[in-house]
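K.L.:
Sequence:
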Amino acid sequence: MTMNSYDSMPKTSPQSPAGKRKLWVRSAVAGAVALALAGAHLASASAVTPAVPTAATASAAGPASFADVAERVTPAVVNVAVSGQIGEEADGPQLQMPDLPEGSPLRELFKRFQNQRAMPGHGHGGPKTLQGVGSGFLISADGYVVTNNHVVQGADEVNVLLNDGSRYRASVKGRDSKTDLALLKIEAGKPLPYVEFGDSAATRVGDWVLAVGNPFGLGGSVTAGIVSARGRDIHDGSVDDYLQVDAPINRGNSGGPLFDGSGRVIGVNTAIFSPSGGSVGIGFAIPAATAKTVVAQLRDHGHIERGWLGVQIQPVTEEIAEGLGLKDTKGALVASVVPASPAAKAGVLPGDVILSAAGQNIDELKQLPKTIAATHAGTEVMVGVMRQGAMQTLPVVIAALPNDDKVAETTDGPNGVAEPKAKLGLYLAPLTDDARQALKVDPQTKGVLVAKVADGSPAEKAGIRPGSVISMIGQHPVTAPEDLVSRVREAAKAERSSVLLLVEKEGEKRFVTLRFAT
Numbered sequence: 308m309t310m311n312s313y314d315s316m317p318k319t320s321p322q323s324p325a326g327k328r329k330l331w332v333r334s335a336v337a338g339a340v341a342l343a344l345a346g347a348h349l350a351s352a353s354a355v356t357p358a359v360p361t362a363a364t365a366s367a368a369g370p371a372s373f374a375d376v377a378e379r380v381t382p383a384v385v386n387v388a389v390s391g392q393i394g395e396e397a398d399g400p401q402l403q404m405p406d407l408p409e410g411s412p413l414r415e416l417f418k419r420f421q422n423q424r425a426m427p428g429h430g431h432g433g434p435k436t437l438q439g440v441g442s443g444f445l446i447s448a449d450g451y452v453v454t455n456n457h458v459v460q461g462a463d464e465v466n467v468l469l470n471d472g473s474r475y476r477a478s479v480k481g482r483d484s485k486t487d488l489a490l491l492k493i494e495a496g497k498p499l500p501y502v503e504f505g506d507s508a509a510t511r512v513g514d515w516v517l518a519v520g521n522p523f524g525l526g527g528s529v530t531a532g533i534v535s536a537r538g539r540d541i542h543d544g545s546v547d548d549y550l551q552v553d554a555p556i557n558r559g560n561s562g563g564p565l566f567d568g569s570g571r572v573i574g575v576n577t578a579i580f581s582p583s584g585g586s587v588g589i590g591f592a593i594p595a596a597t598a599k600t601v602v603a604q605l606r607d608h609g610h611i612e613r614g615w616l617g618v619q620i621q622p623v624t625e626e627i628a629e630g631l632g633l634k635d636t637k638g639a640l641v642a643s644v645v646p647a648s649p650a651a652k653a654g655v656l657p658g659d660v661i662l663s664a665a666g667q668n669i670d671e672l673k674q675l676p677k678t679i680a681a682t683h684a685g686t687e688v689m690v691g692v693m694r695q696g697a698m699q700t701l702p703v704v705i706a707a708l709p710n711d712d713k714v715a716e717t718t719d720g721p722n723g724v725a726e727p728k729a730k731l732g733l734y735l736a737p738l739t740d741d742a743r744q745a746l747k748v749d750p751q752t753k754g755v756l757v758a759k760v761a762d763g764s765p766a767e768k769a770g771i772r773p774g775s776v777i778s779m780i781g782q783h784p785v786t787a788p789e790d791l792v793s794r795v796r797e798a799a800k801a802e803r804s805s806v807l808l809l810v811e812k813e814g815e816k817r818f819v820t821l822r823f824a825t
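The end of the sequence shown is residue 825 by the numbering used here, with every number in the run present.
Simulated from the structure, these hints should not be mistaken for lab results.
Worth double-checking, as some hints may not be accurate.
Unchecked claim - Keeping only pairs whose Cα atoms sit at most 25 Å apart, straight-line, the calculated DSS-like set for lysine-lysine is: (1) Lys652 <-> Lys677; (2) Lys768 <-> Lys812; (3) Lys637 <-> Lys599; (4) Lys677 <-> Lys759; (5) Lys816 <-> Lys800; (6) Lys673 <-> Lys599; (7) Lys800 <-> Lys812; (8) Lys673 <-> Lys800; (9) Lys753 <-> Lys816; (10) Lys652 <-> Lys759; (11) Lys634 <-> Lys673; (12) Lys652 <-> Lys747; (13) Lys599 <-> Lys634; (14) Lys599 <-> Lys492; (15) Lys747 <-> Lys800; (16) Lys816 <-> Lys747; (17) Lys599 <-> Lys652; (18) Lys812 <-> Lys753; (19) Lys812 <-> Lys759.
What the hints assert, rightly or not - Quick list of the computed label-pair ranges, beta carbon to beta carbon: (20) Gly538 <-> Glu626: 22 to 30 Å; (21) Ala745 <-> Gln695: 34 to 42 Å; (22) Glu802 <-> Val704: 38 to 46 Å; (23) Glu802 <-> Asp540: 53 to 61 Å; (24) Gly763 <-> Pro622: 17 to 25 Å; (25) Gln744 <-> Ala642: 18 to 26 Å; (26) Glu378 <-> Pro702: 50 to 58 Å; (27) Glu494 <-> His608: 19 to 27 Å; (28) Arg803 <-> His608: 33 to 41 Å; (29) Val704 <-> Glu789: 19 to 27 Å; (30) Ala495 <-> Pro784: 45 to 53 Å; (31) Glu464 <-> Pro702: 47 to 55 Å; (32) Ala374 <-> Glu802: 50 to 58 Å; (33) Gly763 <-> Thr786: 22 to 30 Å.
Built from N, CA and C at the ideal position, the CB exists for glycine as well.
Let the hints inform the model, and build the full structure from the sequences given.
P.N.:
Right, dumping it as structure tokens:
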């Protein structure tokens, strides 16, 4: 994913004498601004072509040349140029920080990334201009384009440059910060060349791959390599199944396609591992299996609906397994249960070890959120838990993961443009009758329920805990999550540094001052 901080974005820390500090680096836009704004000169495309043929061109020993595949797919790969105004002052709110866990190396990347995208405006203290470039690829003849969410996030204007040199204004049809994918649409008035998704599940370590994109503004660049590993978790949100490749990927490649030997898209290039910001042969791509599902929902609905169980989980270590009398370290240990959540209603308890869900064995921690997220809201699934040495099977009706209930999460404005909000670290849910009963609060109590508090966030530091009820912000009562979100947004736009909340927990009410994260 998640999430969301205003950040003046300090410059990247100096390298230490002992050696360069390793950074996870998004491959997006940083170094290509000048080239992109001048207009990257792209190779001329041939006449409109249909979907890329699938005939294999690579043997087990590697192809004699990648030229045939590159010639077919390059016309469907595009450059994505973005621009916009971000903030009133250099030290004011900037682009919104994606939902990265505290301590994630990618947080450092986005600080660096935002510094490099921002360019001073005219006059002292004036607005900054966001300008940058990334990559994308056409997936249909009528102009749907896939790219990374971080390429277009915060942009007022998005333009797509085709391989034949034509340029089109793009609309953002949908974005998903958790998987870092976005879907754009252009109107060309004619059929366009496009490529199709392949089977990333069939991809093997050692297979040849091609990365095509716009590194440093050099549109139409093709690089080759192999799949180095599968199932990589770079601690970057909900995607924990990246393909690792050694095909050179650099800034500006973000959102571009990763092709197999037959010219099908098996991944979306998203991040690199680098001590310097340049490619060192360790790149990461979102698998096509994930991208295809997300893109289909964005195309049909404009947003992603994910299933929600309502538990906080942690890995089953050897020490935990020994303490619980388990034979191995399989499963996910339930650390806490969100009040009035599907898990709470089904009787899931802290200390349970979830070993199966929706017919899938949960051998590793990451399998549970992935399985639940893929389950439609309203679906009843069976959850198998180990409790006090005995297996129990609990029927759980999965709910929809709240998207707008999370304070400071990126949402779309009327033009599909991200509206940045300050990070408090609160995840909110409506205060239902069931929640009031479970929390033993007065049935007449109005407010919103704190479903979760992000680790290390201002909310956690202020002592707010899950199960608390927030009934006021400043002198304004709140009765729904969107009320609080709206007031937080207003405070941020007014450049206030904090908000005052009336919080109730276990019958005790107190006002709490929350400062916006910086």
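K.L.:
With reference to the structure, classify each hint as holding or not holding.
P.N.:
Here's how the hints hold up against the structure:
A C-alpha spacing of about 21 Å is found between Lys652 and Lys677, which places the hinted pair at or below 25 Å, so the restraint holds. Proximity of Lys768 to Lys812 is assessed by CA-CA distance (about 16 Å); at most 25 Å being required, the pair is judged to hold. The straight-line distance between the Cα atoms of Lys637 and Lys599 is roughly 29 Å, outside the 25 Å bound, and the hint therefore fails. Between the alpha carbons of Lys677 and Lys759 the distance comes to roughly 19 Å, so the proposed pair stays at or under 25 Å and holds.
Of the supplied pair hints, the one linking Lys816 and Lys800 is violated, its CA atoms being roughly 28 Å apart against a limit of 25 Å. Straight-line distance between C-alpha atoms of Lys673 and Lys599 comes to about 20 Å, which keeps the hinted pair within the 25 Å bound. About 29 Å separates the Cα atoms of Lys800 and Lys812, which puts this hinted pair outside 25 Å; it is violated. Between Lys673 and Lys800 the alpha-carbon distance is near 37 Å, which puts this suggested pair outside the 25 Å criterion.
For the hint linking Lys753 to Lys816, the alpha-carbon distance of about 13 Å falls within 25 Å, and the restraint holds. Proximity of Lys652 to Lys759 is assessed by CA-CA distance (about 17 Å); at most 25 Å being required, the pair is judged to hold. Restraint check for Lys634 and Lys673: satisfied, since their Cα atoms lie roughly 20 Å apart, inside the 25 Å limit. At most 25 Å may separate the alpha-carbon atoms for a hinted pair to count; Lys652 and Lys747 meet this at roughly 15 Å.
Annotation: proposed proximity of Lys599 to Lys634 is violated, straight-line Cα distance about 38 Å (limit 25 Å). A distance of roughly 16 Å separates the Cα atoms of Lys599 and Lys492; the hinted pair therefore holds under the 25 Å criterion. Taking the CA atoms of Lys747 and Lys800, the gap is near 36 Å; set against the 25 Å cutoff, the hint is violated. Distance restraint check for Lys816 and Lys747: the Cα-Cα separation of roughly 14 Å lies within the 25 Å cut-off, and the hinted pair is therefore satisfied.
Only pairs whose Cα atoms come within 25 Å are accepted, and Lys599 paired with Lys652 is rejected, the gap being roughly 33 Å. Between Lys812 and Lys753, the direct Cα distance comes to roughly 13 Å. Compliance with the 25 Å bound is thereby established for this hinted pair. Only pairs whose Cα atoms come within 25 Å are accepted, and Lys812 paired with Lys759 is accepted, the gap being roughly 14 Å. Take Gly538 and Glu626: their Cβ atoms lie about 25 Å apart, and the range 22 to 30 Å holds.
Taking 34 to 42 Å as the suggested C-beta distance range, the pair Ala745 and Gln695 does not conform, at roughly 23 Å. The beta-carbon spacing between Glu802 and Val704, approximately 43 Å, falls within the hinted interval of 38 to 46 Å. Restraint check, Glu802 to Asp540: a C-beta distance of roughly 38 Å breaks the suggested window 53 to 61 Å. Range check, Gly763 to Pro622: about 19 Å between beta-carbon atoms, so the 17 to 25 Å window is met.
Between Gln744 and Ala642 the Cβ separation comes to about 23 Å, which falls inside the hinted range of 18 to 26 Å. For Glu378 paired with Pro702, a C-beta distance near 55 Å keeps the hint of 50 to 58 Å intact. A C-beta distance of roughly 21 Å is found between Glu494 and His608, which places it inside the suggested range of 19 to 27 Å. Take Arg803 and His608: their Cβ atoms lie about 35 Å apart, and the range 33 to 41 Å holds.
Range check, Val704 to Glu789: Cβ separation about 24 Å, and the 19 to 27 Å hint holds. Between Ala495 and Pro784 the CB atoms are about 50 Å apart, so this pair conforms to the stated range of 45 to 53 Å. The hint said 47 to 55 Å for the Cβ distance between Glu464 and Pro702, and at roughly 49 Å that hint holds. Hint check: Ala374 to Glu802, Cβ distance near 55 Å, so the stated range 50 to 58 Å holds.
Taking 22 to 30 Å as the suggested C-beta distance range, the pair Gly763 and Thr786 conforms, at roughly 29 Å.
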